[in-house]
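Engineer: Listed below are the residues making up each chain.
2 protein chains.
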Amino acid sequence: KKKPLPVSAKDYANRGMSLEEDINATNEYYLEMNIAVIHKKPTPVQIVHVDYPSRSAAKITEAYFKQASTTDYNGLYQGRYIDFEAKETRNKTSFPMRNIHDHQALHMKRIIAQGGVAFLLVRFTLLEEVYFFEARHFLDWYDNSEARKSIPKSAFEENGYLVPQSYQARVDYLQIIDSHYS
Amino acid sequence: KKKPLPVSAKDYANRGMSLEEDINATNEYYLEMNIAVIHKKPTPVQIVHVDYPSRSAAKITEAYFKQASTTDYNGLYQGRYIDFEAKETRNKTSFPMRNIHDHQALHMKRIIAQGGVAFLLVRFTLLEEVYFFEARHFLDWYDNSEARKSIPKSAFEENGYLVPQSYQARVDYLQIIDSHYS
Ligand SMILES: [Mg+2]
Ligand SMILES: [Mg+2]
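Just so you know, the protein sequences line up as chains G and D, in that order. Number 31 in the numbering used here belongs to position 31 of the first sequence; there are no gaps in the numbering. Heads up, the numbering used here is the position in the second sequence plus 182, with the first residue counted as 1.
This is chain G alone, in the form it adopts within the complex (with noise of 0.2 Å):
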């Protein structure tokens, strides 16, 4: 059973920031201080038409969003090769899975497969808690749910881990992997 984050840092959950955000600035401060190389990728984008104006910086005038085809962020964390997907939620009680696509849920198959940490950063928005849920517990509730189409919260309290929040590393994931990974 997990604690509740102590308040103190709880307040650092409510200021509007995505989790996007937040994960971004933390991988900016484990990127600073050495501690760890994990990036977010970039939106894949089908390139269309590019307008090359003289002495101007090439423009493209026509693109498309394409669906991606992995996970949001990978990276390496001392000699670790580190693999997640970040996903927010409104729902207090469980996390719908449509967000998660096929290829995505695939990938992180093919991650474990080659001995990497896969995982999931799953925040839910009201209760300002954010879970480190590994990929092997999605892929049961994925690969076992037909008619479910959501994981319910409890979930995430007995096989997560609740993440903890600091001031530089806000959503300080790589404290799981110290403490669960040997």
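Bear in mind the hints are in silico, worked out from the structure with no lab data behind them. Glycine included, C-beta positions come from ideal geometry on N, C-alpha and C. Worth double-checking, as some hints may not be accurate.
[Said to hold, decoys possible] In silico DSS-like cross-links for lysine-lysine, where the CA-CA straight-line distance does not exceed 30 Å:
no.	chain 1	residue 1	chain 2	residue 2
1	D	K269	G	K41
2	G	K87	D	K335
3	G	K59	D	K335
4	D	K222	G	K59
5	G	K87	G	K41
6	D	K223	G	K59
7	G	K41	G	K149
8	G	K41	D	K291
9	D	K291	G	K40
10	D	K335	G	K66
11	D	K223	G	K66
12	G	K40	D	K335
13	G	K41	D	K241
14	G	K41	D	K223
15	G	K59	G	K40
16	G	K109	G	K92
17	D	K269	D	K335
18	D	K241	G	K59
19	D	K274	G	K40
20	D	K274	G	K109
21	D	K222	G	K109
22	D	K269	G	K66
23	G	K153	G	K87
24	G	K66	D	K248
25	D	K269	G	K87
26	D	K291	D	K274
27	D	K274	G	K66
28	D	K248	G	K41
29	D	K269	D	K248
30	G	K87	G	K66
31	G	K41	D	K274
32	D	K223	G	K40
33	D	K331	D	K274
34	G	K59	D	K248
35	G	K40	D	K222
36	G	K87	D	K248
37	D	K222	G	K87
[What the hints assert, rightly or not] Sample of chain G residues facing chain D (criterion: CB under 8 Å; computed from the structure):
no.	residue
38	I60
39	Y64
40	A155
Fit chain D with the ligands to the given chain G structure using the hints.
Structural biologist: What follows is chain D with the ligands alone, placed relative to chain G:
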């Protein structure tokens, strides 16, 4: 001293495919055969304006290329974090270093410090040779070359590894990792 490619393998090199296309096809093969999970990062784009036509896909109408802050490719192979930059040159006697940016060199240093496998794949296009060149060797040249702006081809021959080519793995760089990293 490296042996030249056998003639039969050389055939594959001269079909007008870019190094990037060949690496992407190789990675696709690695992925499908469950050998490794290595992807090219999407091109980083600064999106300025998006149109949302009703009943059609969102259309990006103004965007600009951003300079990459990391390398072209990363991923996972048998528990190892893999990270590399791919470059082609039509120069026959040296590799011009101007194509590698400062923050890419810094990124390589960080990857080495965290225990990852960092390298360059350099194709000497007119010679039909691709070299696996460890980032530590590249960084030696990079950090100690006030005057010099290029790495002589002989350095690739002495400190690099000629990458074998085959039909399905056109730039079979994991063979180098198998042979030289234990
Ligand atoms: Mg996400
Ligand atoms: Mg390149």
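Engineer: Each hint: holds or not?
Structural biologist: Against the structure, the hints come out as follows:
1. In summary, the hint linking K269 of chain D to K41 of chain G is supported, as the alpha carbons are separated by about 20 Å, within the 30 Å threshold.
2. Simply put, K87 of chain G and K335 of chain D have alpha-carbon atoms about 47 Å apart, too far for the 30 Å limit, and the pair is violated.
3. For a cut-off of 30 Å, the pair hint linking K59 of chain G to K335 of chain D is broken: about 36 Å separates their Cα positions.
4. About 22 Å separates the Cα atoms of K222 of chain D and K59 of chain G, which keeps this hinted pair within 30 Å; it holds.
5. For the given pair, K87 of chain G sits about 15 Å from K41 of chain G by alpha-carbon distance, which is consistent with the 30 Å threshold.
6. For a cut-off of 30 Å, the pair hint linking K223 of chain D to K59 of chain G stands: about 20 Å separates their Cα positions.
7. Taken as a hint, the K41 of chain G and K149 of chain G pair is honoured in the structure, with Cα atoms around 27 Å apart against an allowance of 30 Å.
8. For the hint linking K41 of chain G to K291 of chain D, the alpha-carbon distance of about 19 Å falls within 30 Å, and the restraint holds.
9. With a CA separation close to 19 Å, the supplied pair K291 of chain D and K40 of chain G stays within the 30 Å bound.
10. At most 30 Å may separate the alpha-carbon atoms for a hinted pair to count; K335 of chain D and K66 of chain G exceed this at roughly 39 Å.
11. With a C-alpha separation of about 13 Å, the suggested pair K223 of chain D and K66 of chain G falls inside the 30 Å cut-off, and the hint holds.
12. In summary, the hint linking K40 of chain G to K335 of chain D is not supported, as the alpha carbons are separated by about 35 Å, beyond the 30 Å threshold.
13. As the CA atoms of K41 of chain G and K241 of chain D are separated by approximately 20 Å, the hinted pair is consistent with the 30 Å bound.
14. Between K41 of chain G and K223 of chain D the alpha-carbon distance is near 6 Å, which keeps this suggested pair within the 30 Å criterion.
15. Taking the CA atoms of K59 of chain G and K40 of chain G, the gap is about 23 Å. The hint holds against a cut of 30 Å.
16. For the proposed pair K109 of chain G and K92 of chain G, the alpha carbon gap of about 27 Å is at most 30 Å, so the pair holds.
17. In summary, the hint linking K269 of chain D to K335 of chain D is supported, as the alpha carbons are separated by about 14 Å, within the 30 Å threshold.
18. Restraint check for K241 of chain D and K59 of chain G: satisfied, since their Cα atoms lie roughly 14 Å apart, inside the 30 Å limit.
19. Of the pairs offered as hints, the one joining K274 of chain D and K40 of chain G is violated, with about 36 Å between alpha carbons and a cut-off of 30 Å exceeded.
20. Restraint check: the Cα-Cα separation between K274 of chain D and K109 of chain G comes to about 43 Å, which exceeds 30 Å; the hinted pair is violated.
21. Of the supplied pair hints, the one linking K222 of chain D and K109 of chain G holds, its CA atoms being roughly 19 Å apart against a limit of 30 Å.
22. Between K269 of chain D and K66 of chain G the alpha-carbon distance is near 25 Å, which keeps this suggested pair within the 30 Å criterion.
23. Between K153 of chain G and K87 of chain G the alpha-carbon distance is near 14 Å, which keeps this suggested pair within the 30 Å criterion.
24. For the hint linking K66 of chain G to K248 of chain D, the alpha-carbon distance of about 18 Å falls within 30 Å, and the restraint holds.
25. As the CA atoms of K269 of chain D and K87 of chain G are separated by approximately 35 Å, the hinted pair breaks the 30 Å bound.
26. Under the criterion of a C-alpha separation no larger than 30 Å, the hint pairing K291 of chain D with K274 of chain D is consistent with the structure, at around 27 Å.
27. A distance of roughly 38 Å separates the Cα atoms of K274 of chain D and K66 of chain G; the hinted pair therefore is violated under the 30 Å criterion.
28. Distance check on the hinted pair: K248 of chain D and K41 of chain G sit about 13 Å apart at the alpha-carbon level, within 30 Å; holds.
29. With a C-alpha separation of about 18 Å, the suggested pairing of K269 of chain D with K248 of chain D holds against the 30 Å cut-off.
30. Using a Cα cut-off of 30 Å, the hinted pair K87 of chain G and K66 of chain G holds, with the two alpha carbons roughly 18 Å apart.
31. Of the pairs offered as hints, the one joining K41 of chain G and K274 of chain D is violated, with about 34 Å between alpha carbons and a cut-off of 30 Å exceeded.
32. A threshold of 30 Å between alpha carbons decides the hint, and for K223 of chain D with K40 of chain G the separation of about 10 Å falls inside it, so the pair holds.
33. At most 30 Å may separate the alpha-carbon atoms for a hinted pair to count; K331 of chain D and K274 of chain D meet this at roughly 15 Å.
34. Straight-line distance between C-alpha atoms of K59 of chain G and K248 of chain D comes to about 11 Å, which keeps the hinted pair within the 30 Å bound.
35. Taking the CA atoms of K40 of chain G and K222 of chain D, the gap is near 13 Å; set against the 30 Å cutoff, the hint holds.
36. Using a Cα cut-off of 30 Å, the hinted pair K87 of chain G and K248 of chain D holds, with the two alpha carbons roughly 25 Å apart.
37. A hinted pair counts as satisfied when its Cα atoms are at most 30 Å apart, and K222 of chain D with K87 of chain G qualifies at roughly 23 Å.
38. Of the supplied interface hints, the one on I60 of chain G holds, with its beta-carbon coming within about 4 Å of a beta-carbon of chain D, less than 8 Å.
39. Interface hint at Y64 of chain G: satisfied, since its Cβ lies 6 Å from the closest Cβ of chain D, which is below the 8 Å cut-off.
40. With a least beta-carbon distance of about 26 Å to chain D, the hint placing A155 of chain G at the interface is violated under the 8 Å criterion.
Hints 2, 3, 10, 12, 19, 20, 25, 27, 31 and 40 from the list above are not met by this structure, while the remaining hints are.
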